[in-house]
Amino acid sequence: MDLQNFWDVYGNLVLTLGTNALLALSIWLTLACGMLAVANAAFMGIGAYTAALLTMKCGAPFALSLAAGIIMPALIAVIIGLPVIRLSGVYLAMATLAFGEVVRVFILNAESWTGGAMGLNGIPQYTQWWHVLLAVVLVLLALWRVRASKIGRAFDAIRGDETAASLMGVDVRTRKMQAFVAGAAIAGLAGALNAHLTFFISPGEFGFDKGVEILTMAILGGTGGLAGPILGAGIITVLPEALRGLADYRLMVNGVILVLIVLFLPQGIWDPARFKRWLVPKKAAHA
Amino acid sequence: MLELAGVSKHFGGLQVLSEVDLCVPQGTIFGLIGPNGAGKTTVFNLITGLLAPNSGRMSFEGQDLLRQKPHQITRLGIARTFQNIRLFKEMTLLENVVVGTYRHMDYGLPGLLLGLPGFRAHEARARARALELLAWMKLDGKAHDLADNLSYGEQRRLELARALATEPRLLLLDEPVAGMNTGERAELMAEIQAIRARGYTILMIEHDMRFVMGLCEQIAVLNFGKVIACGGPDKIRSNAQVIEAYLGRDDEEHDVAPSAVVCANDGDAQ
Numbered sequence: 001m002d003l004q005n006f007w008d009v010y011g012n013l014v015l016t017l018g019t020n021a022l023l024a025l026s027i028w029l030t031l032a033c034g035m036l037a038v039a040n041a042a043f044m045g046i047g048a049y050t051a052a053l054l055t056m057k058c059g060a061p062f063a064l065s066l067a068a069g070i071i072m073p074a075l076i077a078v079i080i081g082l083p084v085i086r087l088s089g090v091y092l093a094m095a096t097l098a099f100g101e102v103v104r105v106f107i108l109n110a111e112s113w114t115g116g117a118m119g120l121n122g123i124p125q126y127t128q129w130w131h132v133l134l135a136v137v138l139v140l141l142a143l144w145r146v147r148a149s150k151i152g153r154a155f156d157a158i159r160g161d162e163t164a165a166s167l168m169g170v171d172v173r174t175r176k177m178q179a180f181v182a183g184a185a186i187a188g189l190a191g192a193l194n195a196h197l198t199f200f201i202s203p204g205e206f207g208f209d210k211g212v213e214i215l216t217m218a219i220l221g222g223t224g225g226l227a228g229p230i231l232g233a234g235i236i237t238v239l240p241e242a243l244r245g246l247a248d249y250r251l252m253v254n255g256v257i258l259v260l261i262v263l264f265l266p267q268g269i270w271d272p273a274r275f276k277r278w279l280v281p282k283k284a285a286h287a
Numbered sequence: 288m289l290e291l292a293g294v295s296k297h298f299g300g301l302q303v304l305s306e307v308d309l310c311v312p313q314g315t316i317f318g319l320i321g322p323n324g325a326g327k328t329t330v331f332n333l334i335t336g337l338l339a340p341n342s343g344r345m346s347f348e349g350q351d352l353l354r355q356k357p358h359q360i361t362r363l364g365i366a367r368t369f370q371n372i373r374l375f376k377e378m379t380l381l382e383n384v385v386v387g388t389y390r391h392m393d394y395g396l397p398g399l400l401l402g403l404p405g406f407r408a409h410e411a412r413a414r415a416r417a418l419e420l421l422a423w424m425k426l427d428g429k430a431h432d433l434a435d436n437l438s439y440g441e442q443r444r445l446e447l448a449r450a451l452a453t454e455p456r457l458l459l460l461d462e463p464v465a466g467m468n469t470g471e472r473a474e475l476m477a478e479i480q481a482i483r484a485r486g487y488t489i490l491m492i493e494h495d496m497r498f499v500m501g502l503c504e505q506i507a508v509l510n511f512g513k514v515i516a517c518g519g520p521d522k523i524r525s526n527a528q529v530i531e532a533y534l535g536r537d538d539e540e541h542d543v544a545p546s547a548v549v550c551a552n553d554g555d556a557q
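So the sequence lines, in the order shown, correspond to chains V and A.
Residue 254 in my numbering is what sits at position 254 of the first sequence, and the numbering runs on without skipping anything.
Residue 320 in my numbering is what sits at position 33 of the second sequence, and the numbering runs on without skipping anything.
Read the hints as simulated data drawn from the structure, not as lab findings.
Possibly wrong hints are sitting among the right ones.
[Claimed, not checked] Chain A stretches covered by chain V per the calculated footprint, using a threshold of three residues with CB under 8 Å from any CB of chain V:
1) 351-358
2) 380-386
3) 389-399
4) 462-475
Backbone N, C-alpha and C define an ideal beta-carbon position, used for all residues, glycine too.
Could you build the full structure based on these sequences and the hints that come with them?
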């Protein structure tokens, strides 16, 4: 099978992998701060609908639609972040989950704009493969730089011990807010790119299932580094294709995989610390 | 330097501190002692902004500490260590200390994203300072190990290095020698004196009487949330109230057990 043929068959899958990688990176940001926020599917939906509606109803250029698809979820993240960021652990997960449902139901009921349950049809396919690639590369680069900076260390410190971090001079609430908003922006970008790729979007794509899928990608891959979410996105995107016969059981398989990973590889597949232990077994024995 | 006036704190119906006055002059090593549950750690939590007092005034170098958030108080120049050590266990020793330099890293987002010279200079300076502090605490040989793998005494020293990295002028030490053996205690005593010699002011909570009496120029005794005595070591040693409240009653002052009890109590209070 030559390259053209491969792209014709799997092009969409590869691009979906790209947008999924963006989504996994978006939730990695909040997980890096120790926040279990699961509103990323909703932010993706907000970005997708904002961008698609601008393109379809206003005839906006693609760049503008993309920008709006990033800014809109970021703004909404600021508004809901103000009360929600105070929460931690399961309570934060509950609140963000509820927010996700509110967004889904809102899209479902704002029929005159969003087409309701029928979804939005005939979105122009503006997204080129290199748009997705560029987005992934830029986001990866930015996060890689952030990780190596005082902000990345502040995130790690907050995840480790919030109180100690604040006494090191880290403004915990501001940093958490930044992670939450930046995550929403990246998820919105993924949604906007995806909307102009798939021709059709509906509220069901941005519901609870998608939220769990995004979380699965990041946890499965491992949150200890940036490679983890990318790897997780790859596996979760490709696995259902590879096991096409099991496609109906995909969610169940996802669940089983997640359970197995949490049991046997609690740090995810990509775990630099574990690799180091494999490479230097002696030192591990001493520790 | 640090002044507390009429500070009171209660948790529900439990009066933990009532009308506490405390004045820590610049350049001293000031000891805060008292029986278990007297409210010593609560004083620290109030000063560092983790708790808000119900009444009273607190100021540091003339600046009001009330209604300031912990990170703002750190930026004013107050740092602390914890009784129940709170390190970033998944980070290396070096990273732990570099976190402490956070407020001195003054570079913007563009510098960070593009790796501009200003960003690199700040990062390099922070690492150099962190290594210097680790060397000071004799931990530089383990700079790239995980904090989780350290012994108890080493963890306390790392916490001290991390607190110093914020470049404080006032250092609050919450039971710095708890769980250390005699040799480690003597070493830390010398180190604390060296820290003071470099111009830091130190306020510490400690149960080890020999350590407190040997190190502190001024001591305040807290009992049931009230300051019952304040003065030099000799004055405290001979104060009848103090002996009754504290020294006279505690048969096992060198035991580890009492401090373990305090750990549990204060854990609840937080």
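So which hints don't hold here, by number, going up?
4
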